[in-house]
Amino acid sequence: MIRVAYVLAVIIAPLSAEAQSFVSDSSFCGQDVNDIIDAGHAVMTATTLDAPEWFCEWNDPVSIMVGTDAYQTTIGYCSGSDQVWPSVMTFVTDDYEPDILRLYTSDGEGIPQIFSDCGGN
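Converting from the sequence shown to the working numbering requires adding 9 to each position, the first position being numbered 1.
Where hints are given, some of them may not hold.
[Said to hold, decoys possible] Using C-beta positions, here's what the derived DEER-type ranges look like:
#, residue 1, residue 2, range
1, E62, D41, 30 to 40 angstroms
2, Q92, E118, 10 to 20 angstroms
3, N68, P121, 11 to 21 angstroms
4, I73, S115, 15 to 25 angstroms
5, D91, G128, 31 to 41 angstroms
6, S115, S72, 31 to 41 angstroms
7, M74, G39, 27 to 37 angstroms
8, T82, D108, 19 to 29 angstroms
Since the hints were derived computationally from the structure, they do not count as laboratory data.
Owing to the predicted nature of the structure, the values given are computational and were not obtained by experimental measurement.
Every residue, glycine too, gets a C-beta built ideally from N, C-alpha and C.
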């Protein structure tokens, strides 16, 4: 179910969102989404995050550029284990980690999830 939602999100997402993806382990850049998730890692596009046990979707596509000092905050929801909860997501990039995007969520503990930029892969 979660993977189907991810595939649908990628198909209907704008071209620019499809072109940029992020993974929680950079060694998985360019690999199949299902293989990444089956290996226990997360995949993020401009509007979704898909992980082994949960899925998130937010309202405004991430439009900040990695490698710049920027942040973007949006609202959305996450689901997993037959539960759905609202979430505020803040995406942060900076120029001293040019290929990294950090994701902070309102339901987290103030520790970001780190994603590597896979570019067009």
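Hint by hint, here is what the structure shows:
1. For the pair E62 and D41, the beta carbons lie near 19 angstroms from each other, so the given range of 30 to 40 angstroms is not met.
2. As the Cβ distance of Q92 to E118 is approximately 18 angstroms, the hint placing it in 10 to 20 angstroms holds.
3. For the pair N68 and P121, the supplied restraint of 11 to 21 angstroms holds, since their beta-carbon distance comes to about 20 angstroms.
4. In this structure the hint that I73 and S115 lie 15 to 25 angstroms apart at CB holds, the actual value being about 18 angstroms.
5. For D91 paired with G128, a C-beta distance near 35 angstroms keeps the hint of 31 to 41 angstroms intact.
6. Evaluation of the 31 to 41 angstroms hint for S115 and S72 yields a failure: the beta carbon distance comes to about 20 angstroms.
7. Roughly 21 angstroms separates the CB atoms of M74 and G39, a value that falls outside the hinted 27 to 37 angstroms.
8. At about 22 angstroms, the CB distance of T82 to D108 agrees with the hint of 19 to 29 angstroms.
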